[in-house]
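2 protein chains.
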Amino acid sequence: MFEYRIIASQGDARAGVFRTPHGDLETPVFAPVGTQATVKTLTPVQLEELGASLVLSNTYHLYLRPGDELVAEQGGLHDFMQWPHPLLTDSGGFQVFSLSQTRKIDDDGVIFKSHIDGSSHRFTPEKSIQIQENLGADMIMAFDECSDPNDHAYSKIAMERTHRWAERSLAAKTRTDQALFGIIQGGVNPQLRKDSAQFITSMPFSGIAIGGLSVGESKEEMHSVVDLVTPLLPENKPRYLMGVGTPEDLINGIARGIDIFDCVLPTRLARHNAVFSPEGRLNLMNAFFAHDKQPIDESCSCYTCRTFSRAYLRHLIVAKESLAGTLLSIHNLRALIQLIKDIRESILEKNFESMVPTWLAQWQGNAVREPSRN
Amino acid sequence: MFEYRIIASQGDARAGVFRTPHGDLETPVFAPVGTQATVKTLTPVQLEELGASLVLSNTYHLYLRPGDELVAEQGGLHDFMQWPHPLLTDSGGFQVFSLSQTRKIDDDGVIFKSHIDGSSHRFTPEKSIQIQENLGADMIMAFDECSDPNDHAYSKIAMERTHRWAERSLAAKTRTDQALFGIIQGGVNPQLRKDSAQFITSMPFSGIAIGGLSVGESKEEMHSVVDLVTPLLPENKPRYLMGVGTPEDLINGIARGIDIFDCVLPTRLARHNAVFSPEGRLNLMNAFFAHDKQPIDESCSCYTCRTFSRAYLRHLIVAKESLAGTLLSIHNLRALIQLIKDIRESILEKNFESMVPTWLAQWQGNAVREPSRN
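Residue numbers (the working numbering), protein chains in the order written: chain A, 1 to 374; chain B, 1001 to 1374.
No false leads were mixed into what you were given.
Computed beta-carbon distance windows for the label pairs:
| hint | chain 1 | residue 1 | chain 2 | residue 2 | range |
| --- | --- | --- | --- | --- | --- |
| 1 | B | S1299 | A | T201 | 48 to 56 Å |
| 2 | A | K320 | B | Q1364 | 33 to 41 Å |
| 3 | B | G1118 | A | H115 | 31 to 39 Å |
| 4 | A | K219 | B | E1048 | 38 to 46 Å |
| 5 | A | S354 | B | G1118 | 53 to 61 Å |
Here are some of the chain A residues that sit facing chain B, going by a computed Cβ distance under 10 Å:
| hint | residue |
| --- | --- |
| 6 | T41 |
| 7 | H61 |
| 8 | S322 |
| 9 | A324 |
Only pairs whose alpha carbons sit at most 30 Å apart, straight line, appear in this in silico DSBU-like list of lysine-lysine:
| hint | chain 1 | residue 1 | chain 2 | residue 2 |
| --- | --- | --- | --- | --- |
| 10 | A | K127 | A | K173 |
| 11 | A | K40 | B | K1293 |
| 12 | A | K237 | A | K219 |
| 13 | A | K104 | A | K194 |
| 14 | B | K1173 | A | K293 |
| 15 | B | K1127 | B | K1113 |
| 16 | A | K341 | A | K237 |
| 17 | B | K1104 | B | K1156 |
| 18 | B | K1040 | A | K293 |
| 19 | A | K320 | B | K1320 |
| 20 | B | K1104 | A | K320 |
| 21 | B | K1320 | A | K104 |
| 22 | A | K173 | B | K1293 |
| 23 | B | K1040 | A | K320 |
| 24 | A | K104 | A | K156 |
| 25 | A | K127 | B | K1320 |
| 26 | B | K1127 | B | K1104 |
| 27 | B | K1040 | A | K40 |
| 28 | A | K237 | A | K194 |
Quick caveat, the hints were computed from the structure, so don't treat them as lab data. Backbone N, C-alpha and C define an ideal beta-carbon position, used for all residues, glycine too.
Isolated chain A, as found in the complex:
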């Protein structure tokens, strides 16, 4: 179980297969985010059709609602949300720090108030693992503390706490059918990141996650942390860059040896009327598209692009029809998943490195909104 096999590599980029209880996962892979046991607006069948292979769900949200014990009683998260393929849950740590109203952290754990009803709760490493065992995802995360990357003094405290929590997370684990990932923290401080990589990789985790990035640092800082960390990681364990990213983050991350990504960006953009396209990021609310008979992207094979015009999609947006969110989510997810499939293919064919400039140029306009049309 949890064998990770590299089947091809070029430079630091790797193409692999991670064996999970719910099937072999081809890497590199992008995981759509299904926070509340659903990738917003999409059915599992629509997710399968657009090529999703891994879905991430959030421990913090599911613990609060509907409750991890209810999910366990319903047969676990796979059965509950009817996603028969690999699932990943985070530790809940990041959401506690970013979403809950108030929180009090000490070395044992964190007390926080629910963002839903203000009720008081306590997470510890043991509690996070217990919740994740109730949820039953294939890949689960050690409980960690994600600190402000620019607060160097605090980054050290948070990192050391994350290390102690990593040990306790490993010790708390009882199920053998879940791959537990350790999380490297340390903000943007090179020495802390090195220390954290060394510490986390010394433990018997099934995979290694890099946390605390894409949380306010610059792109350059993110790249230099990944550049620094990945050479310190074992070859035979999957590497997960948490909460990242944009199309160019995927290209840059894979070039630096990352295997797994997740991000709310494609679905969140979709609900704000924005789509990835070869012309750059487009906001389909724009009157510019009212009469546009083209699909979002002629070269895209998703249901939305095979079926609907920009004019129709804009109409749905203007008319406040929620189908717009569904159709734009299908396209945005498909775009990232197709990109990562193309990248995997290029690694297998040993032409990834020569393609990187093309892909970066192609996707650059999608990092920010196209100024002339928004």
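Guided by the hints, dock chain B onto chain A, whose structure is given.
Quick look at chain B alone, frame taken from chain A:
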């Protein structure tokens, strides 16, 4: 074109086939409502999968947004919304009277203010037909005035106006690939309804609609109007009971010789968390369902019932995930469409009349919310 062939009947109930430019439509048929060129929350593929064969869209809404000329320029409503099967548009009359902020009616037409932005517009029979020709549905409606059924004096005025507008609608029609239906009005007054049926059937319409019902009259009044009108209608034209209805309305309507129905009920209920079931209408928001592993209806073949538990659907509702609306809409539409398919089969097999009491008993609990659980 527009041949309507009765292939079986039992009592007043008919099973037929209506030939349209977008395929043969089997009747009796229930049309999901796609007000703004979309059946809310559903893709055309999901509609096909649940068995929909005819979709209704609203002239008033599409005229205001995105505009019928834009729809025409985009290839018409079938292409715009990518529904390749039969489509029906209403005349816009009912919405002008029920939705617009202020209106001024005279014999020539009606001036009204948009419910979207308060802008002023004018509909006449000629304008309604022009809009519906721009939209390009297979079945279109003569412009009519729907009056309060309990205002007998005004019902006569509205009926007479509807008759003059029926003549003008026929005269205004230029396309030969759209079946124009005349609309019988007259409130709940037997003599007016007789007069209206006689007048409308004397004209060369391709189909006959009964309007002004399900707008505040009692069920008994509705049944007696249908009982009175259908014997006066030609056998060889499809009969459309507008804006009706509930499951029991379909059973009662078909027993009285109706062929076509439409209603927002299944999709509107879905967005308010309510579903049809053999146990009666259920509101899945209810805590009663939090741990319920059953599908909504064991005997239902829809995607939702084949896939998800009530517990999961309740979770989506409580978590305010719009996927709940999608999944409940799929079920509610499938329930009505399966009912009407079963009814059609029973007419073909000549056992419709013996099944009516069973169906009415089965569906009675779906007319109102089940008190103990809501």
